[in-house]
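**Q** Next come the chains, spelled out residue by residue.
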Amino acid sequence: MNVNVTQLSKRYDGDVVAVDGVDITFPSGQTTVIVGPSGSGKSTLLNLIAGLLLPTTGSIHFGNRDVTRIPPEDRNIGFVFQSYALFPHMTAEENVGFGLLESRLPASQRAEIVESTMRRFGIERLRRRRPGELSGGEKQRVALARALARRPAVLLLDEPLAALDAQLRERLRSELKSIFASLNVTTIHVTHDRSEAMLLGDSVVVMNEGRVLQHDTPQRIYRQPANVFLARFFGDANLIEGHLDATGRHIDTALGSLAVSEPGATAGPVVAVIRPEMLALAPSHPDFTVRVEHAEFLGSRWRVEGISERAGRIIIDLPGDVAIAAGESLPLRLTRDSVHVIAAEDIAIGAHHEPDLTVTRRS
Amino acid sequence: MIERWGRKRFAIGWTMTVVIALMAVLPPLAAVLQAFRAPQAEQWSPGSFQYVIETYGGCLLFSLRLAAFVALASLVIGVPAAYAFALHPFRGSAAIEQLAAVPLALPGVSVAIAVIVGYAQLRGNWLLLAGGQMLYTVPYAVRVVANTLRNVPLRTLEDVARTLGAHGVVRFRHVVAPLLVRPVVLASLIVFALSWGEFNVSFLLATPTQMPIGAALYGTYTSNSGAVSGAATAIFLAGALPLLVALQLLERRPFDFGQGV
Amino acid sequence: MRSGEEKSGRWTGIALVLPLLLFLTAMLLYPLMRLSALALHRGLHVDAPMLHALRNSIILSLGVATVSILLCLTPAWALARWPWRLKVALRSALTVPLMFSGVIVGFLTILMLGRVGLIPTLLASLIGIPAGSGAAYGAVGLVVAYLYFEIPRATLALESAFRDIDIEYEAAASTLGARPWSRIRRVILPLTRSAIASTFLLTFSVSLGSYGVALMLSRRFTILPVEIYTAYTGLLDDQRASTMSLMLVAVALMAASLTPLVNRRRV
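Chains as they are written, first to last, in my numbering: chain A, 18 to 380; chain B, 1140 to 1400; chain C, 3 to 269.
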């Protein structure tokens, strides 16, 4: 069952626009991760889909059913809260069975569902424990089991891993991945953690200031970000200013003339997105050279910060098996035949949010 | 930490605490033992108890009824207000909450005189007595319930229940009501115990026929032998102690009646 | 902000608070207004005996609060910070005086320090001198009686506050080379200052309003609450009682308004 939101807006008292005219289709049975900085409106959007908040304008459809004005209890959803919000006066078992209270199933069948759900999450031994007696990871599993026990049509998760420590988070992240894969339930997962978004999402929605910036697969968002903000949001990027020629196939930059991966944009000022791993050492035919300012050895690779006379500060990832020292001069080449470019008017959007952008200027 | 403080300091600290605790407990214990001494003879007997119950039976009964009324009325007034303070705050609600706690800082005599002056035509009505006591009990009802509701994310829990398909009635029965049980029980114990032992307000608002035990003790002490006084104290304690034990068990922190007594 | 509650929320709140508001108006605000009106009727008449009683009340309450705080500091710290098996029992014992009204405390004082009190009787049989006989009826008895219910009160209130202080601060201070005394002066005292001050005010205000003890023990040392009681029941002088009640309320409110001031300075 697809979930569709159309022209959805939420305006709080005092004219704060939390969600601003959002259109998204969440594909049936897939996991969509909504990611964005705090205050981007991603949690508000999730609460709107759950029905915990009412939209100011716009509509929400579950399949063909318009649920815009339907209260959450009648939407058949599962919601996992960041704080888990387990009922403190109930045992783990009672928590998991809560969603079945109003079902017309006989008690024995309800107990069976609770039992099988708990077994599936490996928490059957916690049956009689109260939330106060559970660890963070256990609470998370109980919350997930509770949300799924009634077989919701849509599963919504609001930062379900944020309250855990780093090690546990990493483990549960992979666990969530396989749970999502086995579910075949339309899942919408909200997080501020970019690597979580990349790992868990069949597709990723990036939000900022209440708007959707891009909705695509993680790979495409990484490789072909729609603007500077997105380029910076997923990993580091060297943003090299250039000028797109009339053919729309080449840009002229401080690093030379580069081919454009998706030709067709209108000629004019653009920015090329060059990821640190797209550069390599080229002792024989370098495209350009940088002087090493700073080199961090990270085991499998080096993270190098260098200064190019022509293009300014450049970040490079190099294999860990070479020797690099500060002050050294490195001959570099671009390992891709073509680069992704962003229209220059989009620079402003990104620059506004990340003032310390590595946008290089031609001197 | 203890090593650094040194064993000497440790010993001095605990000795002081033990002495204070003993001084707190021994006099009432002596008073209760006193009750078993027959008025004339130097032998142990329950005679004093019989006398107290015969003489003050009516006042004990009145105390029980008054305390029950005060407890119920305090909850009826306090619980909805606490719910609003915690979950539906509005402009000015914080000020009202503070106002509700003001009586706790006011001397009971002054409040009693004010109530008498304010309702001269009702002088001697037991409702004034109940109302006066409630000034010192309602704040506790409000505070206990509001604190619990503030510490439990009730809003979120209700939201969870909604996302799990629970409608209004189920939500109230399975989520809101169970969470209210503990603070309401706690509040009613506190209020009942307060009303039972209250003296400062009750003494001036009571009438000879409608005199709660806390105020009646004065008459007992000034006009009776040590044995009878001891017995009256013991009966008073018999009413208060179970409540206090229950309070201690429910709430880990000790409870202070403050201005109430 | 939430579905279905966006506009009704405020009115729900007001409706739920309404009974409390009516109660407070009827039982607190209106009576206090009438009290003030009666006291100020034909001008405020404050005479020397009233001022004398007020002075006595304040001196007694300040003195009792000071002594209580000084004596309770160590026990409160011990109960809050040091481990001991008997802690729970000690704490329970300390709560006993908290539920006694003034008359009971007065009675207990007479029982212990009266003319044939247990302590003089015991001392007479031990050392032959009935020391302390009749002390209950003098100034000593009054102060001892007040201390009886104020020291446990102060101890428990302060213990509660001490328990909330982060123990890490103290550990940090000692790792930074602070000696015990300088640790107390530079770390513990600043952290506990507001707790001590509010405990002092609590003790003060309870003593200020208590009159059962004095009613039982001594009428020679006049204190304001007892004078109010006498004016009302003995002299049947409502205006005099009201005037003194208003004075007592004023002092109590002044003390209460200091509490948020001392708490505001909390680190």
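To be clear, the hints were calculated from the coordinates, so they are not data collected in a lab. Hints may contain errors.
[Said to hold, decoys possible] Which chain A residues face chain B? A few, computed with CB under 8 Å, are given here:
1. Ala-67
2. Pro-89
3. Gly-95
4. Phe-96
5. Ala-102
6. Phe-104
7. Glu-119
[Said to hold, decoys possible] Coverage of chain C stretches by chain B, computed from C-beta distances (three or more under 8 Å per stretch; other residues unrestricted):
8. 70-82
9. 98-104
10. 120-127
11. 216-227
12. 242-253
[Unchecked claim] What follows is a list of derived Cβ distance ranges for each label pair:
13. Gln-1189(B) / Arg-117(C): 40 to 50 Å
14. Gly-136(C) / Arg-1146(B): 38 to 48 Å
15. Gly-1231(B) / Ala-28(C): 17 to 27 Å
16. Gln-1237(B) / Glu-192(A): 47 to 57 Å
17. Tyr-29(A) / Ile-1151(B): 21 to 31 Å
18. Gln-1237(B) / Arg-145(A): 23 to 33 Å
From the three backbone atoms N, C-alpha and C, an ideal C-beta is built for every residue, glycine too.
**Q** Would you mind marking each hint as holding or not holding in the structure?
**A** Results for each hint:
1. Ala-67: Holds, about 6 Å.
2. Pro-89: With a minimum Cβ separation of about 4 Å from chain B (threshold 8 Å), the hint on Pro-89(A) holds.
3. Gly-95: With Cβ-Cβ at 7 Å, under 8 Å, it holds.
4. Phe-96: Nearest chain B Cβ about 4 Å off; hint holds.
5. Ala-102: holds (5 Å)
6. Phe-104: Constraint on Phe-104(A) satisfied, holds at 6 Å.
7. Glu-119: holds (6 Å)
8. 70-82: holds (count 7)
9. 98-104: With 7 residues closer than 8 Å to chain B, the region 98-104 of chain C meets the three-residue bar; holds.
10. 120-127: violated (count 1)
11. 216-227: Answer holds; 3 residues pass the 8 Å Cβ test.
12. 242-253: holds (count 6)
13. Gln-1189(B) / Arg-117(C): 40 to 50 Å: Distance hint for Gln-1189(B), Arg-117(C) is violated at roughly 28 Å.
14. Gly-136(C) / Arg-1146(B): 38 to 48 Å: holds (41 Å)
15. Gly-1231(B) / Ala-28(C): 17 to 27 Å: This hint holds: roughly 19 Å between Cβ atoms.
16. Gln-1237(B) / Glu-192(A): 47 to 57 Å: holds (49 Å)
17. Tyr-29(A) / Ile-1151(B): 21 to 31 Å: violated (59 Å)
18. Gln-1237(B) / Arg-145(A): 23 to 33 Å: violated (43 Å)
Consistency note: the structure conflicts with the earlier hints numbered 10, 13, 17, 18.
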